[in-house]
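Using the working numbering, read the sequence shown as starting at 1 and increasing by one per residue.
Some hints here could point you the wrong way.
Unchecked claim - With a Cα cut of at most 30 Å, we get these calculated BS3-like pairs of lysine-lysine:
1) 416 to 52
2) 590 to 573
3) 416 to 183
4) 233 to 183
5) 590 to 416
Keep in mind the hints are simulated off the structure, nothing from the lab. Model, not experiment: these values are computed from the prediction.
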Amino acid sequence: MNWLIYIGVVCFGAIALLIEARRNYRESLTQTPFQRHPILQDARVSDLCTQKDGFFGFIVYSMLYLVSYAIILSSAELYELIRNANVAKFEVGATASFDPFGNDILNLEGTVYAKPIFVSAFLIAIMSVGVMRPIENMVRSAAHRIAGIPRGVYRVIDALQTQETTRICKTRKPGALTAHFRKELTKAIEAEDEEGAEDQDARLAPDLAGRREEIDKALTIIDALSLAVTPSKRAQYFPVAELEELTKMSRQLECELTELSDLLLGYDPKTTDGLVTLHRTALRVAENTKALFAVHYIRNNQSVKNLDPATPLAKIVHVIDRNYVPEKNSFALSAFFSCFASVVAVFMIYAFWHQGMVDRDFTWADDQIETSIAMFNANPPRQFEQAAPLTLAGCVVPRPSDACLSVIEAGKVAYKYEIRPDLLVQAAWDTLQMALVTLAAAGAVIFGRDVRMEQESWKPGWSMHRIPFLRLLGLCVVPAVLAFILAIAGSLLELAFDSNFQVTQSQIIRQIDDAFIYYAMMPLVGLSVGFGVLVILDKHDDFSRLRTIVMLAVPCAIFVGFLMAAVVFFSYKFDDFPLFEGNQWITYKKRDWLIQAFLPMLFLILFAFFIELTEDRSEDEEGEETVAEPNKPTGWLRKLVEGQSAAKPQGLPGKKDVA
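Build out the structure end to end from the sequences listed, making use of the hints.
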């Protein structure tokens, strides 16, 4: 087979795949993904990004397609190689031309021309099936996220709807709209108290107190956020978000704010109709303000510029930032420290094992002992000057002389030092292979959960008594597949490195055939790591820091360790043997289990630790307009003395007064 023709066919399949990727990507730019908010209903994705962002997103999106194409095509070629080798085992006589020099370097001579076309057509077909739509959405969302195309708007909006955001707005000096509403309502209440409200029609309707509270909350949010998204101030806070569509939306919001201001000026607290109209308008404007602020925030690289730390807006942005990045920071920190600790730990395990092996059988250090003998014979110590020249055979006896014992001990010490670089390289390779499996599984579920959260199709608030096992398991399918692929890729990469990147077909066949059970069981490890990460992400807010680690991370790590033990003990095709005679606690399989289980177990524990450490759970009380009384008991002592918590935050008058 001509390998140039095969490369041409591979390129043709890649071009066909790029055409399909371009079609899907252009279709995604015409979507209107934010239908829930009126101001964003007609906003297409292409209107919220520049042409540069769109082109960069397509590059990333197409690269993800091409990576999938390369993985599937390589797997197909590898599968054919293994299948032909297995078929040849059952055939009598020669099955191919014989190379007397054993020069069977891996090449494309035995491949099939149509295979790249089949793989390309398979990817195009499977991405068009409705069942695969969530995966395609995940890939597209990854491209959008990397390119800076606005995504994650709903997550920002959810952060703006938390109780802490409402508390921040209520405990600061009210804005113009909120102050006017509270002032008019307070006047109406005072007038009612003075007149005694004998006329029932003049009383403030008690059944509308809830609507007044909702209006007040909406106005506080509008006062806090609208300043940053109005046309006059938008460039100050969001300098990167200069797009025609966003300018149009800002002008539309300004018109809605003018309409709301007019309603407030003509609002009579004693009339029901005016309250209902004001309630409907205030909620609509508040939702549009939050939505437009979220789009600007995402478009501006998840930041707001030129903030005054004393304003409510700065505190709200702090809440958004705090809710937005803990899992990513935790992933990066735990990945770094677990990989570093794994290299050190695996190196120490190997060093301890080889030290025990050479102490038990010094023939492991024959080369070093011979060197030590040569140095001894060339310059013998003073106490052994009269001794005959030593030989390795003469020292390998049941009762060696003192001179032999000294050179054997020197050879052992030299062996332990000389083997350290090789052990360090092996420790790095073992860490790399397990890091590929662990980090790919964890990163896939973090990203998949992130996408589902943005699409509002993931609910983290489940109970430990009713674990949504199937939903969690469904998101762990991709990590399981990645674990299988990367386990093979890592071992073949090490094989290529050891053979100076001159891998033969026989080496690949032998490698996969010997470790096939190991590779086949690795998806269980990827699935369990992904499952543990999902449980920690969903439930860490419901537990304290210590309980998150003890009750979530540690059980998940133990389960991963149990699965790794099953992988090692079932996949190794030889009997176990101890390092020391009579000691069954230190054996070869247990050593390899500890080497391979260390990184994923430590990663889960560190992930839970860092997600609690980097997440700011403290209530932000800075800048509140409350004056603390001197020598006033605080905390649990205050609750014990007074029987209640601190003073209520500012806001509307109590329901008793309103009613």
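Taking the hints in turn, this is what the structure says about them:
A distance of roughly 57 Å separates the Cα atoms of residue 416 and residue 52; the hinted pair therefore is violated under the 30 Å criterion. Restraint check for residue 590 and residue 573: satisfied, since their Cα atoms lie roughly 14 Å apart, inside the 30 Å limit. Annotation: proposed proximity of residue 416 to residue 183 is violated, straight-line Cα distance about 83 Å (limit 30 Å). About 27 Å separates the Cα atoms of residue 233 and residue 183, which keeps this hinted pair within 30 Å; it holds.
Taking the CA atoms of residue 590 and residue 416, the gap is about 22 Å. The hint holds against a cut of 30 Å.
The structure shown violates the earlier hints numbered 1, 3.
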